[in-house]
Structures are given as C-alpha cells and as structure tokens.
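**Q** Please build the complete structure, drawing on both the sequences and the hints.
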Amino acid sequence: MIGFIQSVLNILLLPGLAFTLIASILLAGIDRVLVARMQRRVGPPVLQPLYDVLKCLGKETIVPRKANEKVFLLAPAVGLISVLVTAMFLPIGNVSAIRTNADMIVILYLLTLASVTLIVGSAASGSPFAGVGLSREMVAMISYELPLVMVMLTVGFVCGNGLATFSLAKIGAYQAANGPLLLNPVLWPAAIALLFVIPCEVGQQPFDIDEAETEICEGVLAEYSGKPLAQFKMMHNVKMYVMSGLFCALFLNIQTGFFLADILIYCVSCVLVTFVSMSVPHAVTARFRVEQVFKFYWTVVTGCAALSLILVWIGL
Amino acid sequence: MTFNYFVSFFFIVLGLFCIITRHNLFKVVIGMSVVDYGTNLLIVSIGASNKGTAPIYAAGEIVPGTWFVDPIPQALTLTSIVIGACITAMALSLVIKIYSKYGTLDTREIRRLHG
Amino acid sequence: MLFDLDKKINEAIDDAASKSLWLYHINAGSCNGCDIEIVAALTPRYDAERLGCKLTGSPRQADIVLVSGPVTLQSRDRLIRTLAQVPEPYCLVTVGSCPCSGNVFKGSYAVCGPVDKYRHVDVSVAGCTPKPEAIMAGIAQAAAILKEKRKGMHE
Amino acid sequence: MENFPILAIMTLFMGAFINSLVGRRSHKARVAVVFTTMAISLLLVVSMVPAVMFRGEIITYWMGGWAPEAGWAYGIGLEVDALSLFFGLIVTIAVMVSGTYSFTYMKRDDSQVNFYTLFLMLAGSVLGLVLSGDLFNIFVMVEIMTFTAVALTAFRNDTEGALEGAFKYLVVGSLGSVSILTGTILIYGCLHTLNLAQIADLAIHTRNPVMVVAFGFLFVGFCTKAFMFPFQPLAADAHAVAPASISMMISGVLTKCGVYGMIRLVYVLFQNIGQTHVQYLVTGMGCLTMFICVTMAFNQHNFKRLLAFHSISQVGYVITAIGLGTAVGLGAGLYHAINHTLFKGLLFLVAGAVQHQTGTLDLDELGGLSKKMPKTTLLFLIGAASISGIPPFNGFASKWMIYQSIFSKAVNTGNIFFLLVCIVALLTSVLTLASFVKVAQSVFFGQCAVLCRDAEECEKGMRIPMWVLAILCVVLGLFPDQFGELFLKPAAGAAMGADVYAAAMLSGKAVTSMPAIYGYIGTWSPIVWIVLLLIVTAGMTIFSVSAPIRKPEALGEGEVEDEHVLPENAKYEPFFSGEESVHSHVTGSDLFWGFKENWKKYFSFWHDWHSGIVNDYELYGVVFLAAALIYCILFI
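First to last, the protein sequences are chains A, B, C and D.
This note's numbering applies: residue 1 is where the first sequence begins, and numbers increase by one.
This note's numbering applies: residue 1 is where the second sequence begins, and numbers increase by one.
This note's numbering applies: residue 1 is where the third sequence begins, and numbers increase by one.
This note's numbering applies: residue 1 is where the fourth sequence begins, and numbers increase by one.
Because the hints were derived from the structure by calculation, they are not lab data.
For each residue, glycine too, the CB sits at the ideal point set by N, CA and C.
Do not take every clue at face value.
In silico DSSO-like pairs for lysine-lysine, Cα to Cα no more than 27 Å straight-line [as the list claims (entries may be wrong)]: (1) D/K551 - C/K149; (2) D/K551 - C/K7; (3) D/K571 - C/K19; (4) C/K117 - D/K571; (5) D/K460 - D/K107; (6) B/K101 - D/K107; (7) D/K107 - A/K70; (8) D/K460 - A/K70; (9) C/K149 - D/K375.
Here chain D is said to cover these stretches of chain B; the calculated rule only asks that three of the stretch's residues, wherever they fall, bring their Cβ under 8 Å from a Cβ of chain D [to be verified]: (10) 21-28; (11) 97-111.
With the Cβ distance kept under 7 Å, some of the chain C side facing chain A (calculated, not the full set) [what the hints assert, rightly or not]: (12) A16; (13) D47; (14) E49; (15) R119; (16) V121; (17) S124; (18) G127; (19) K149; (20) K151.
**A** Given below as structure tokens:
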C-alpha cells in the first residue's frame, strides 16, 4: 500500500506533474533571460512564460470556418499530455515516476507523438501557412530523428554491458557505478550530437523553421488563438525541460546518497544543458533555411553520432 | 540425359531474352510461352531414363528387372502445360484489350503507370 | 468552485494580460518611418521585451495591434479584415500622426481618413516618427487598458 | 476435425462455382451465396484454432486417403500446424472483410457475377496455398492466385492503366511462378518427393549443389510473390488500378503468401536460417525493400499508389524480422504480418471510399474531406496512426518488438550489419509517418477542394467492414502480450520445430513444443499508460477559465461557402495577411521541399528506374534471379 501511495505521489508530485510544470516554466524563463543578457539587454521577468500561457488562456478561441473543429481543439491537448507523460519517465537521481525496461523507445515515440499532434492540429486549421509550416515541421522531424536514434542506441549499448538496455534505470545504475557518461571520452561525439538535436526537437530559435514568424506568419500556429495556443506554448516549454532532462538522464546522471542533493544537481545540470544547447545558438545564429537544417543534421550531427557508435562498437 | 537439361535451360534463357529485348507485346507473350516450354522439358527429362518403359502393367505381370520411367514428373508436366496455356490465353486477351485502348503494341508507349 | 478558486485564476489572468503583450504590426500605407521606429523599440537598445513584448506573425495571436500609415485606399479593406480576425480582448495602438489624423496626406483622394473611422483607437502615439521611448510609453498605457478590457470580459 | 482444412478450401471453390450459376439472377442471390461461403470457411478455420493453436496438435489430411507407406509419402497431403493456421486466420479475416466491403463498393459495376467468382477463387487458392503440405500443390495454388489477381486487377478496364498494370503483373509474375516450378522440380530431382515434411527430413542430409540452386530459385519465386525489391513496381501498378477491395486482398493477403512461402522455405524445408549468409540474404532483401519503397512513396501523386509502396515497405519489415533467425524475431515478424493486413486493409478501404465518393485519387485535386466525410477521416487517422507506429495502436507494438529483436540480435552476434538494419528500420518508420502526414494534409485536412464540395459520407455497408478493421487494430495494439501468448508463441514454435512437423506428417500425431526461448522482453502495459492519459485529460478540461470559444454558425440550408466575405465579418476566415481568402490548398507535391531538395539525384534516379516498360521490369527480375543464384552458389 505504501508503495502504491509512493508511486502515486511520484507521479503527481515530485518527478511527475507538479515538478515538471514548474520546472519547465522556470527553465523557459531562465532561457529567455540568458538570451537577453547575452545581447546586453534587461530581458523579460523570469516568470514571463507563465504570463504568456495565462494570457493566452484568457483570450477567446476563434475556430476558423475551414478548420475541422474537433481535431483543431483536441490536437493541442493530446500533444501537451504526451509531452507531460514523457516527463514521467525522466529519472532524478534514481527516482522516476514511471519505470519500465524500455523507457527510451517509449520516450522516442511520445516525442514523435507530440510533433504529430502539432502537425495534425495545423493541418486541421486549414490555412495555407499552416500547410507549409507542417511540411517544414516534418522535415525537421526527419532530420533530427536519425541522430537521436543513434545516440540512444550508443548509450543503450554502452550501459548494457553485453545485452543492450533501453531502460533509463539501468543507465542510471551504470552511471552511478562508474561516473557520468559525459566523462567517458568515447561518448563525447554522442553528447555533442544530442546537444545539437535538442534545439531542433524543441523548435528553438535557430531551428524553429515550423513557426518562423517572419517567413510564414507563425507557420504551424497561424490559426491558433486562446486556449489551444496556450496548450501548444506550454507544450513547447515542457518539451524544453524534457529534452534537457533526457540529456541529464543519459549523460549527467549524478547520484549522491540522499534525494535533495540529487534534485539540486539535476536542476543545475538542466539549466546548464539548456544554456549550452538552446540559449547560445539562439543568441548567436540566425534561423536556418529548410534544406540547410536537413543537410546540417544528416551530415554533421549524424557524423558525430555515428562516430561514437562505431567507437563503442569496436569495443573501446 | 544431360543434353535435355542443356536444351531446357537454353529454352528458358532464350524465352527470357525474348521477353527482355522484344518491344512488341505479342513477342513478349511468345517469350513467356517459350520459357514455359523450357520448364516443361526440364520436368519431363528429370523423370526420364533411357532404359525405362512406360509404367503401365496389368496386375501380377511385373517381370523383375524391367526399368520403369518415373510417372510423377509426367503428371506435373501435364498440369504445367495446362497452366502455361491458361496464362498465354489470359495474356493474349489482355494484349487485345490493350491494343484497343492504347492503339499500339509497342511496350515503350504503354507506360502510363510509371515513376 | 471550491473556496473561489476560479476568482483567483481570473485575477491571475487579468494580471498576466498586462504583463504579456504580443505585438502585431499593420502597415496601412505608411512611409516606413514609423515601422523602423517600432522595430527599433524591439531591438536590444530599447528592449521592449522588458514589458513582455514579442512580435508575432499572425493576428490570431495579437494582443496589441500597432497600425502605422494613413489608411490608403488599397489598404483599407485589408486593415478592416485583419482587425476583424484578432481575438478579443485587444488594444489598437496607432503609431505616428498619420493614422490618427492623416498628417500631410489629409484630404488626398487616395487616403480614406484616420483609423478612428473604422475602429475605436485605444492609444495614439503622436509624432512624425515618434521616438521608440514614446512607442514604449504608448504600449505601457495599452497594457493597463488591456487589463481593464480583460476584467470587463469575464464579469 | 480431420477434414476441416479440405472443407474450408473446397467451400470457397464450390462457392465460386455456385455463384457463377446462381449469381446471375439478382444482387441478393449473389450476396447470399458469397457471404455464406466466406462465413463457412471462416468458421471452419476458426474452429481449428483451439486444437492447433492452444493444444499444439498438427492436423494432417491425405487427399484420396493415400496415407504414406513405410514412411514414404506419395499422395498429396494437407498439413495444418500453428504457422499455417496463423496465416489461414489472416487470409479468412481479410477475405471476409473485403468481401462484405465489395458488396456495396462494386454495386455500380457491371458483370459482378464474374467479380465474385474470381474473388472466391482467389480466396480459395490463397487458403489452399497456406494450408497445403505439398510443394507442387503450393505451385498450383500460386498459379491460380496470380491468375485471378491479374483478372481482378484488370476488372475495371476503363480506369487509367488498369490493363497495363495487369499485363505487367502477369508477365513478371510468371517469371516468379516459373522459378518456383523450377525450384520444385530440382528438389524433386534430388529427393524424389514433393511432400514438405519429407523434404524437411531429407534436405538436411543432402548437401549437393542442385539443392542450393533449388533454394535460390524458390527464394526468388517467393520474393516475386511478396513483391520484394526488384518486383515492387508490379505491386504499385497493380494496387493503383485495382478496385479497393482487391488492392486490400493483394496487399494484405497475396504478400503474406510470399512471406509464408519464405518462412516455410527457410525455417522448415531447408532449415538453413542458422547460416549467417542466409540471414544476410533475407534481412538484406527486407531492408532494401523497406527503405526504397518508403522513399518511392514520398513523391507519389496517386493515393493508392502511395499506399501500395507503403504496403511493400511494411512487408519489408516483416521479411527483415523473419530473416533474423531468432524466435523473438520470427514472433515479431508474424505479429507485424497480421497487423499489416489489418491497418493496410483499413487504409485501402478508406482510399476506396474516397474514390467512391469523389471519383478521383489524385492527391493534388483532393482536399478538406474531413468536413464532408468525418467518419472516414477518423478511420483514416486510426489506420495512419497504426502504420506509422503511434503508441496505443498495433503498429507500434509490433514495430517495437521488431526493433528489440533486431537490436538484441545485433548485440548478441556483435555484427554491425544488424546495427545498420536497426537504424534503417527506425528511419523508415519516420519516413512512413512523413508520407502519411502528407496524405492527411492533402486529402483530409486543409481547404476543401472543388471536387470535394458535394462529397458526402459513404454508405453504412462500406463503413462496417472498416470499423471491424479499426477495432481489431486498436484491440491488437492494447493487448500485445496476450496475443503473443495465444497466437505468436505456437506459430513461432511450429516454424522453429521442423522435425516435429515432419514426424506429425509421416507417422501420425505429434505435438509441437512451445519454444520457451520466445522471450518478450518487458512490456509497458499500455492500459496503465492509457489510464494516465485519461486522468491528465480530465485535469486539463476541468481547468476551465471564462474565455469563450467562438465558432462560426453552421451554414444554413443551401448556403454555399461563398468566397466573397465582407471585410467586417471576416472573423472566421483563415488569415491571408489581409487578403481575401482564396482557395489555396497546400497539397502533396509541394510538401517536404527541404527533404526532396537534398536528395534530388536519389529521387530522380528511382523515378526513372520505375520506367513502366514491361521489358525493364523483366530485366530487373532476371538480373535479381541471376544475382540470387550466384549468391546462393557462392555462400550457402
């Protein structure tokens, strides 16, 4: 019985819902502040993402005439839920809300599901900007899926010592035993590849080819306003937290004895990962063109991932 | 017996060559039936042997030491010939319909489904 | 609902309405003088993001609609159509003196009057190319008006 | 129980015969005859399930009572073990569904009697192929199957390219049949028997080159029937022009016969799946087909041709999983085989419904059907979600098992070839998702095309079969373990236990041993996951805030979506940066510009490779035959 309450608490409170929502809003706020500071300007208050979401909740929702109303309103909810459920799998230290022995494949598919709901929602909105936006989102998905899969296979193979594992618990245990994987030089290219994948997966500035305000008027979200828009914005923030959490789970899983220290280390490493992978490219480079994104991911990033995969395969 | 095998494989190769190179639908169908003849010859020659006689005998009349030809491949050849005939008939009816619809028999022009 | 949770949520949203302002800029035939000033207000030097401002590409996500230019004949229908597509509650801010009075172009055959003829203007930022600080002041006033409008919506 | 297999096959053939007599009188008579025939054969096959699947018995039936004497089988035998019954189930379910669908789908066509006669003959020959235990019997059934499939493909010979597609399928299909026949005869030449069980006994001891050449011929023959790599243009042409229920039969059932033949060949007849070279050959073929067909599906303009390429790439998945040689791989392959029949059948029937209502299948002319045909759109979404492997549906469960089996095989053998296969498999699933997004956007969502203005929902008679398939898709997706326990384990066990198969056939009763090695590593119990989703959804909807949802009032009677809306009340028109909203639907051809831009050379090469000329396809087939034979002679 205690185990059941403990797991329900885990799901609802700590590594589960409450922690995810708060952490994602703070992380998005810190990211925007860091970008502002890098451009030597004051930048918005840290809780700005919260205000954005609350403001969108307060505005009226217009369902365009040509939209398919059910799918138009349902897609954002399913997208937000699938991303929240993905956050359940991420371990803090060695505690995670849901534990299965094939976490990585489920995470991979839930992230795909989140992007699919974004695509189906924009397709249902019936605007030409959304049509172009969804095809760009799909191209982005194709480009980052290959390196993401390779990195997962590499880490799974390293931590499985013989039999490959897809469960984050075993990966955590391996890292607890012989240090976080980031220190292992063979895995540096894989870490770099994952750092590159994160901004494109989340749809952050240099790679947000699907919501390019200047080119295709908010592309995927052209017709969204009010509550569905709030859910999509919240999904964007939670995805940012989930991806940095995934990086921490795979490469930076430092497990000290007691839980509070784990949480602190986890938050600090999440902020660090967000800074390196999302804030710096946002402040430094302009938005990529569509085929540049594809070429960049399938040559540079896949090369890094393949390099570390082969090095691991040779048995280093 | 090996001569039969050479001839049958020659027929199969000839038929395939005819299907690949000829651009007239009728010749393609002819090529298909040549391939069928090659296989039928192969089936029959597998079961055959020089000294063997037809495996038909009245009850109790078996003289020990007589060689019989294996009957099963001959039965298979019958089926294969029947199937070859049906396929050729089907192909020819399709060729007639194609000609009435496309107005040509040249395979290079009958390529609406491509890419 | 239980211990008036929805009242607290509505108050939080009204407060948020004044803190997160998404701008959408309509150029109703302006000479681009005001457009450059608006964009200048968004650059790091004047940093409109301090107020929570962000430029959006689609009117569906607009809170504050910035209109510049004296509403020429060609852009009249487009202006009305875009304003109709913005979800409530939103503020209409006219940048420069052209939209609020027609400036030097007043009375010309190609100009059909100030923006006021088509929709109630909440804040008018005067000046032929007002300085970015003036635009920022206008946006700050619009934020307060937005909060009132939002409060009016759910009473 | 003894003669259920022969009864199932014969009812279908007898039904074809009776239908051609009685069917001319009226539509009702035809429907009665065809429906009862299909129902009886389905019942017979299902009634065999408890004995064969759960108790593991093997039912053998000797035609004409010619039981084997002194261990030497000379009569023609039917043998039903768990593997053939598994495929028998797939066949009968697919036949039942596509039969009921075609009652309403073919209502407007003329000479329907011939259609149903051919349809029942196709069903009978496919069931015969799956249940038969004699190699030449398999060849005859393959011939009947090809013959009727060609006739049915060209049934509507006024559609664009129907005759041409049927002719190409016949010519290159006969290359496959000839190679199966040659392989059978070469085996007969060495072992002097045609019975599968007998061959399974003797083939292990006789290791002479003629047997290897026979293996090569049979492998190419079954590749043709499963439309593997060089033969996929056949499938694309045949599906694009055939009526929807026939393209469901071709993609759902005919390809499975090729897969069944491949499993029998590699696991039971020659039992050489253990050799790594055979694994390279089979998995390599599956992988090649998988990737090429998915990329080919990318820039297709015809809805059914796109579905055809997808169906072949999913069969590539099945063949890849089978080529691994492990019990988990075989189980995953079989699971994906039945899933593929279900969701691919559903998608083809949806395509048929769209064609039935709007008259066209061109992706560039369709658009915005979701408002006119909401139920069909929902069915399409279920099918598309299952094929691209979205979690709660069956595609995800079987694809995930395939990845797991490939990856654990790669790790156990430490062989980099299987690692590349795993990466290609994962990549193909993303590309599958991409092309179904393209179909969703250009056919169902987006702005309403001119053609679709007056389309309305298809009749109930067409929707019921589609709902049956959709429900099966969801059920199989939610309970992968129970399905694995009941059906996959015995089927995989039957395939792996070739000696038991032989013993049962020749010397009477024998029970297949359940392979304990069939480990289904871990599960994520979808039910818990779905419950979690529901809780969170409820949470979201309760959190309601006083912000109204404004919807345009529905169009009154006779009102047309006029294009000229006054600027003032343009609130609900799509945002066109101020312009009046003209009809501009982003269709299939201009999606994925970035991806196609980078791979221009690759796409144009394959576009020219599918030249549509019969001679080229035959050339590819012959080159593949030669290459396969050389590979077999050198390595196996």
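**Q** Hints first: check each against the structure and report whether it holds.
**A** Against the structure, the hints:
1. For a cut-off of 27 Å, the pair hint linking D/K551 to C/K149 stands: about 21 Å separates their Cα positions.
2. Between D/K551 and C/K7 the alpha-carbon distance is near 26 Å, which keeps this suggested pair within the 27 Å criterion.
3. The hinted pair formed by D/K571 and C/K19 meets the criterion: a straight-line CA distance of about 26 Å does not exceed 27 Å.
4. Proposed proximity of C/K117 and D/K571 is supported: the alpha carbons are some 19 Å apart, at most 27 Å.
5. In summary, the hint linking D/K460 to D/K107 is supported, as the alpha carbons are separated by about 13 Å, within the 27 Å threshold.
6. For the given pair, B/K101 sits about 25 Å from D/K107 by alpha-carbon distance, which is consistent with the 27 Å threshold.
7. Annotation: proposed proximity of D/K107 to A/K70 is violated, straight-line Cα distance about 33 Å (limit 27 Å).
8. The straight-line distance between the Cα atoms of D/K460 and A/K70 is roughly 22 Å, inside the 27 Å bound, and the hint therefore holds.
9. With a C-alpha separation of about 41 Å, the suggested pair C/K149 and D/K375 falls outside the 27 Å cut-off, and the hint is violated.
10. Evaluation of the coverage hint for the stretch 21-28 of chain B: fulfilled, as 5 residues show C-beta separations to chain D shorter than 8 Å, against a requirement of three.
11. Counting residues of the stretch 97-111 of chain B whose C-beta sits closer than 8 Å to any C-beta of chain D gives 8, which meets the bar of three, so the coverage hint holds.
12. Below 7 Å, beta-carbon pairs count as interface contacts, and C/A16 has one with chain A at about 4 Å; its hint therefore holds.
13. Interface hint status for C/D47: upheld, as the beta-carbon distance to the closest one in chain A is roughly 4 Å, under 7 Å.
14. About 5 Å separates the beta-carbon of C/E49 from the nearest beta-carbon of chain A, less than 7 Å, and the hint is met.
15. Of the supplied interface hints, the one on C/R119 is violated, with its beta-carbon coming no nearer than about 17 Å to a beta-carbon of chain A, more than 7 Å.
16. The restraint placing C/V121 at the interface with chain A is violated, with a minimum CB-CB distance near 20 Å, outside the 7 Å limit.
17. For C/S124, the suggested interface contact is broken, since its CB lies about 24 Å from the closest CB of chain A, more than 7 Å.
18. Because the smallest distance between the Cβ of C/G127 and any Cβ of chain A comes to about 24 Å, over 7 Å, the interface hint for this residue is violated.
19. The beta carbon of C/K149 comes no nearer than 10 Å to any beta carbon in chain A, farther than 7 Å, and the hint placing it at the interface is violated.
20. A distance limit of 7 Å between C-beta atoms decides the matter here; for C/K151 the minimum to chain A is near 10 Å, and the interface restraint is violated.
Violated hints for the displayed structure, listed by number in ascending order: 7, 9, 15, 16, 17, 18, 19 and 20.
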